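Protein sequences, first through last, are from chains A and B.
Each number in the numbering used here corresponds to the 1-based position in the first sequence with 23 added.
Each number in the numbering used here corresponds to the 1-based position in the second sequence with 4 added.
These are calculated hints, taken from the structure and not from any lab test.
Treat the hints with care, since some could be wrong.
Said to hold, decoys possible - Below, simulated DSS-like cross-link-like pairs (lysine-lysine); rule was C-alpha separation at most 27 Å, straight line:
{"no.": "1", "chain 1": "A", "residue 1": "Lys74", "chain 2": "B", "residue 2": "Lys63"}
{"no.": "2", "chain 1": "A", "residue 1": "Lys172", "chain 2": "B", "residue 2": "Lys63"}
{"no.": "3", "chain 1": "A", "residue 1": "Lys144", "chain 2": "A", "residue 2": "Lys74"}
Claimed, not checked - Cβ pair distances, simulated, as ranges:
{"no.": "4", "chain 1": "B", "residue 1": "Ser69", "chain 2": "A", "residue 2": "Ser206", "range": "58 to 68 Å"}
{"no.": "5", "chain 1": "B", "residue 1": "Leu109", "chain 2": "A", "residue 2": "Ile197", "range": "40 to 50 Å"}
{"no.": "6", "chain 1": "B", "residue 1": "Asp108", "chain 2": "A", "residue 2": "Ile30", "range": "49 to 59 Å"}
{"no.": "7", "chain 1": "A", "residue 1": "Leu92", "chain 2": "B", "residue 2": "Gln64", "range": "20 to 30 Å"}
{"no.": "8", "chain 1": "B", "residue 1": "Thr31", "chain 2": "A", "residue 2": "Glu65", "range": "17 to 27 Å"}
{"no.": "9", "chain 1": "A", "residue 1": "His91", "chain 2": "B", "residue 2": "Leu21", "range": "21 to 31 Å"}
{"no.": "10", "chain 1": "A", "residue 1": "Pro178", "chain 2": "B", "residue 2": "Thr20", "range": "26 to 36 Å"}
{"no.": "11", "chain 1": "A", "residue 1": "Glu65", "chain 2": "B", "residue 2": "Ser69", "range": "28 to 38 Å"}
{"no.": "12", "chain 1": "B", "residue 1": "Asn7", "chain 2": "A", "residue 2": "Pro110", "range": "35 to 45 Å"}
{"no.": "13", "chain 1": "B", "residue 1": "Ser6", "chain 2": "A", "residue 2": "Thr143", "range": "46 to 56 Å"}
Small disclaimer: the values here were computed from a predicted structure and weren't measured.
All residues carry an ideal CB built from backbone N, CA and C; glycine is no exception.
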Amino acid sequence: MQNLIEIYIQEVTRRLPEKNRSDIALELRSTIEDMLPDEYKEEDVKAVLEKLGNPVALAGGYRDRPMHLIGPRYYDLYISLLKMILPIAAVVSIISMVASYFIQYNGDENIVNIIVALTTKGIITLLEVGVQVFFWLTIVFAVIERTDKSKETDPLTNSMTKWTAEDLKAVTYIPKKKAISKSEVFGSFIWIAIWVSFYFNADHLLGIYENNGSGLEFVQPVFHQDVLIGYWPIVVAVIVLEVALAFYKYVKGQWTNRMAILNLIVEAAATIVLLILFIDPKLFQTEFFNYMANIFSYSSTQLQFSFISITFVVVLVFAVISIIDGFRKARIK
Amino acid sequence: MSNLLLSLTTELRRGTLTLAVLSQLQTPQYGYSLVQLLEESGINIDQSTLYPLLRRLEKQELVTSSWDTSESRPRKYYVLSDYGQEIYTELRKEWLKSSKELYDLLKGEEDDAKSD
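With these hints in hand, go ahead and build the complete structure from the sequences.
See below:
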């Protein structure tokens, strides 16, 4: 019986800071004894302890530290930082994961295996990075929550000060129609990562695959890799431009005239570079067109001409659509 | 009583609890005697709220405490400090004023309902 009381007191005090324990234990014991009749049985003890309630709740009352990780003052800032950092970390880690994969690449794998390997690695990388970002950001905010001694309860603004109407000026008003979504930016980063990987490994990836019974076998590349790589300075220039545009889109979050002009420059540069590459007769492997010519019963040169012109026209059409779309969205008021 | 009504009632009472406790600490009281005093006046207080509240009031220097070990069982007595007395007077004034305002507000509504 006495034991129940002791256990109850222990259940409360072990959740409290060391320095308060003995005093609170003493007071609790005297209170419990006050509440009990002179002659008491176990039922009486149980009734009294139940009246005092769950020891966790009682301990929570005694403690003045918050019983939450992140309170209303920091929650909004925490969530918006999380939303900002997570996608950036995801993109950076995916791009570096793909890059390191191809640096170690020894040329043995076919495209299906590569896609499977990259997808698996990608999912694992995303999970790891997500957990890391979430963990560290949460830890930092939980510490801030516990060290902030100011009695302010107002949610913090991004400038870490008290909210005034002046803060509204820092927020750009973005109409829905001209907004650039985060997923759109994310999509462009992924697209850049994909085509860059293909550019540097075209001799293993782009070409004709044959089913030899035990899976797909890579038989004929489209390009001469050495000629293709020879164009690296202008290709890297396009990569830099596209990455810059994607970052600019991420920061601005909406179409502006300046962005539409930058988009025009990037699209034009990419299209011109593609044209420079495609009009180089040494770029394509003649065996590729011979192979295709056999299948479609056209002459090899005919096929090469239509292949190049169709690809180029498709790329050109998409570039023009993107440019016009950019200016149209930039003009929306 | 529905859960919502119950939680609204608890919320309504929460603020008044400090005032009720301060009012009874003009003379020194220990935990359980305070519970009994409040219950005599019909104020039902959750004990798991009361004891931590007393500690908090002490930390805020509104009450002072002392252990009395002269009797068979040691007891911790709480009493209003000078500062606590001052705050209590102000808080009391504030409560009487706002409860009168609220009373008038609710009463006006009742009159409206009658005249309809």
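We went through each hint and held it up to the structure:
1. For the given pair, Lys74/A sits about 25 Å from Lys63/B by alpha-carbon distance, which is consistent with the 27 Å threshold.
2. For a cut-off of 27 Å, the pair hint linking Lys172/A to Lys63/B stands: about 15 Å separates their Cα positions.
3. In summary, the hint linking Lys144/A to Lys74/A is not supported, as the alpha carbons are separated by about 56 Å, beyond the 27 Å threshold.
4. Restraint check, Ser69/B to Ser206/A: a C-beta distance of roughly 60 Å satisfies the suggested window 58 to 68 Å.
5. Range check, Leu109/B to Ile197/A: Cβ separation about 43 Å, and the 40 to 50 Å hint holds.
6. In this structure the hint that Asp108/B and Ile30/A lie 49 to 59 Å apart at CB holds, the actual value being about 52 Å.
7. A hinted range of 20 to 30 Å holds for the C-beta pair Leu92/A and Gln64/B, which are about 26 Å apart.
8. Checked against the hint of 17 to 27 Å, the C-beta distance between Thr31/B and Glu65/A comes to roughly 35 Å, which is inconsistent with it.
9. Checking the proposed 21 to 31 Å range against His91/A and Leu21/B shows it holds: the Cβ atoms sit about 22 Å from each other.
10. Hint check: Pro178/A to Thr20/B, Cβ distance near 28 Å, so the stated range 26 to 36 Å holds.
11. Between Glu65/A and Ser69/B the Cβ separation comes to about 32 Å, which falls inside the hinted range of 28 to 38 Å.
12. In this structure the hint that Asn7/B and Pro110/A lie 35 to 45 Å apart at CB holds, the actual value being about 40 Å.
13. Checked against the given bound of 46 to 56 Å, the beta carbons of Ser6/B and Thr143/A, roughly 52 Å apart, stay inside it.
Checked against the numbered hints above, the structure violates hints 3 and 8; every other hint is satisfied.
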